[in-house]
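Just so you know, the sequences run in chain order A and B.
Under my numbering, the first sequence has 51 at position 51, and the numbering climbs by one with no breaks.
Under my numbering, the second sequence has 222 at position 222, and the numbering climbs by one with no breaks.
It is worth saying that the hints were derived from the structure and are not from the lab.
Quick caveat: nothing in here was measured; it's all calculated off a predicted structure.
One thing to keep in mind: the hints can contain errors.
Unchecked claim - With a cut-off of at most 30 angstroms between alpha-carbon atoms, the simulated DSS-like pairs for lysine-lysine come out as follows: (1) B:K26 / A:K155; (2) A:K95 / A:K155; (3) A:K95 / B:K26.
Unchecked claim - Chain A side only, calculated, beta carbon under 10 angstroms to chain B, not exhaustive: (4) L157; (5) G165; (6) G168; (7) P179.
Heads up, the beta-carbon is just placed ideally off N, CA and C, and yes, glycines get one too.
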Amino acid sequence: MRDIDKPMKTYNKIALSALGVVVFLLAWEAVARSGVVPARLLPSPSAVPAAFLAEFKSGTWQAMVLASLSHYLVGLSLGTFLGVSFGTAAALWGKWDAFQAWVVRMLRPIPAIAWIPFAIIWFGVSEGAASFLIALTVFWINYYASYAAVRGVDKDLIELGYAFGQGGLIPRLFKIILPGALPGILSGLRAGLGQGWMTVVAAELFGISGLGMRMMEASGLLATHIVVLYMVTIALLYGVSDFLFMQVQSRVLSWQR
Amino acid sequence: MAAVTLSKTATASVIDLEDVSIGYGKDAPPVLVDVNLSVERGSFVAIVGPSGVGKSTLLRVVAGLHTARSGGVTIHQDQRPGHRPVGLVFQDSRLLPWRRVIRNVEFGLEGLPVSRDERRHRAEAALKLVRLDGYARRWPYELSGGQRQRIGIARAMAVDPDILLMDEPFGALDAITRHNLQDELRRIHQETGKTVLFVTHDLEEAVHLADRIIVLGGTPARVVRDVRNSAGRDGAVFRDQVEQLRSEIADNYSI
Numbered sequence: 001m002r003d004i005d006k007p008m009k010t011y012n013k014i015a016l017s018a019l020g021v022v023v024f025l026l027a028w029e030a031v032a033r034s035g036v037v038p039a040r041l042l043p044s045p046s047a048v049p050a051a052f053l054a055e056f057k058s059g060t061w062q063a064m065v066l067a068s069l070s071h072y073l074v075g076l077s078l079g080t081f082l083g084v085s086f087g088t089a090a091a092l093w094g095k096w097d098a099f100q101a102w103v104v105r106m107l108r109p110i111p112a113i114a115w116i117p118f119a120i121i122w123f124g125v126s127e128g129a130a131s132f133l134i135a136l137t138v139f140w141i142n143y144y145a146s147y148a149a150v151r152g153v154d155k156d157l158i159e160l161g162y163a164f165g166q167g168g169l170i171p172r173l174f175k176i177i178l179p180g181a182l183p184g185i186l187s188g189l190r191a192g193l194g195q196g197w198m199t200v201v202a203a204e205l206f207g208i209s210g211l212g213m214r215m216m217e218a219s220g221l222l223a224t225h226i227v228v229l230y231m232v233t234i235a236l237l238y239g240v241s242d243f244l245f246m247q248v249q250s251r252v253l254s255w256q257r
Numbered sequence: 001m002a003a004v005t006l007s008k009t010a011t012a013s014v015i016d017l018e019d020v021s022i023g024y025g026k027d028a029p030p031v032l033v034d035v036n037l038s039v040e041r042g043s044f045v046a047i048v049g050p051s052g053v054g055k056s057t058l059l060r061v062v063a064g065l066h067t068a069r070s071g072g073v074t075i076h077q078d079q080r081p082g083h084r085p086v087g088l089v090f091q092d093s094r095l096l097p098w099r100r101v102i103r104n105v106e107f108g109l110e111g112l113p114v115s116r117d118e119r120r121h122r123a124e125a126a127l128k129l130v131r132l133d134g135y136a137r138r139w140p141y142e143l144s145g146g147q148r149q150r151i152g153i154a155r156a157m158a159v160d161p162d163i164l165l166m167d168e169p170f171g172a173l174d175a176i177t178r179h180n181l182q183d184e185l186r187r188i189h190q191e192t193g194k195t196v197l198f199v200t201h202d203l204e205e206a207v208h209l210a211d212r213i214i215v216l217g218g219t220p221a222r223v224v225r226d227v228r229n230s231a232g233r234d235g236a237v238f239r240d241q242v243e244q245l246r247s248e249i250a251d252n253y254s255i
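So here's chain A without its partners, still in its complex pose:
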């Protein structure tokens, strides 16, 4: 009972989270060093900093991060823009919604990786193919998030627009519907941000330069500590992008209680 009444203090929370990470790493290190599992199968976390230094000195790490980042940013912006646009349009116009409803139902369940053959046929093993796959993943997330968000805009506020001469499409869209749908659209954006990183790796596994490709190379050589290094890199990149996004979001939505 007293735990519910008394919220945990912030520094206690942070300290506990840090302790969790330390215990996790120590346990991992212990298992790796004990020899229970062969070192090739489970690299010890203490091998990762050395791997990082080696990759960093040769410039591979930077090159891979930059390559992935560029696929990610292109795919993410394209997928987000198109997803929000199509989702909003479908929510706004019933006829358009009905027209595309079954096309959406047929295309939606196909995961982005299933498009890899076509991505290669259309774009070759190229940057474009990776960006295409990321855009596809991000598109659906934003499509549905925007659709629901626009549908959920308070009808009374739209009526308010009509009552005060702001009922035309442009003022209605930009002064009422999009600001009203913004919280929902932004949570779609955030989900897309995470899914985008997951697709980056999948898209690069078939040889497009980037983090995913480097992981495949390293695993082929059983250099598992390098695989772990890039796993950690992706986790950090995701963490940073999510953190930055939350900073922007809390500013943009400062009107919310």
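Following the hints, put chain B in place on chain A, whose structure we already have.
Coordinates of chain B only, in the frame set by chain A:
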């Protein structure tokens, strides 16, 4: 189908409703029939009647949010530029939560041929009118229910309307706040001389505020009484007026 006609001829009345009949849906029976009503410039007219009788619907027709099935709705618009024919105040205040107070008040001025400076200036004047000039930079969520209603009134007054339409604006407020806002509205009406069409189911409120009271009743509803009122707030005259209206409504109440 009869939409609102805007006329620029100067008349003693601000709005004229002629044989207006209102309904929802094509084949559904009408809600309101044979409504004939002229609202004089500068007057304060209250529309009362039991809930569901179509008071708000009638107001929505005048605001142009709903189209009458038949009949004529004319708003005699003043010649002055940069204003809207109607300013609407809702029961639920309906502020845009993502706009600060001042930008909410400016909302109706956007799209009018009014410069940015003048828009800001008029919004500030409207805030002053409702005595919330210190609240320009606040977010709506920081305001109390009564303050939100004041901002709603300021937003409607900022467009300098020919007629102020109010749809049970104080219905959701606590008794003390409602009382204060009624007095404020009376003051605003006296200071500005604005024509007001005010929908309420609260007879005391109608008798307290309006100089003319329209009673709607029956199925389909029509105007059953049209009373001049100068009873004011208290005393025997006030109570008599309220009682008379109450029995009037009861006589025409059939559900």
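Outcome of the hint check:
{"no.": "1", "hint": "B:K26 / A:K155", "verdict": "holds, 22 angstroms"}
{"no.": "2", "hint": "A:K95 / A:K155", "verdict": "holds, 19 angstroms"}
{"no.": "3", "hint": "A:K95 / B:K26", "verdict": "holds, 22 angstroms"}
{"no.": "4", "hint": "L157", "verdict": "holds, 7 angstroms"}
{"no.": "5", "hint": "G165", "verdict": "holds, 5 angstroms"}
{"no.": "6", "hint": "G168", "verdict": "holds, 8 angstroms"}
{"no.": "7", "hint": "P179", "verdict": "holds, 5 angstroms"}
When held up to the earlier numbered hints, the structure conflicts with none and fits them all.
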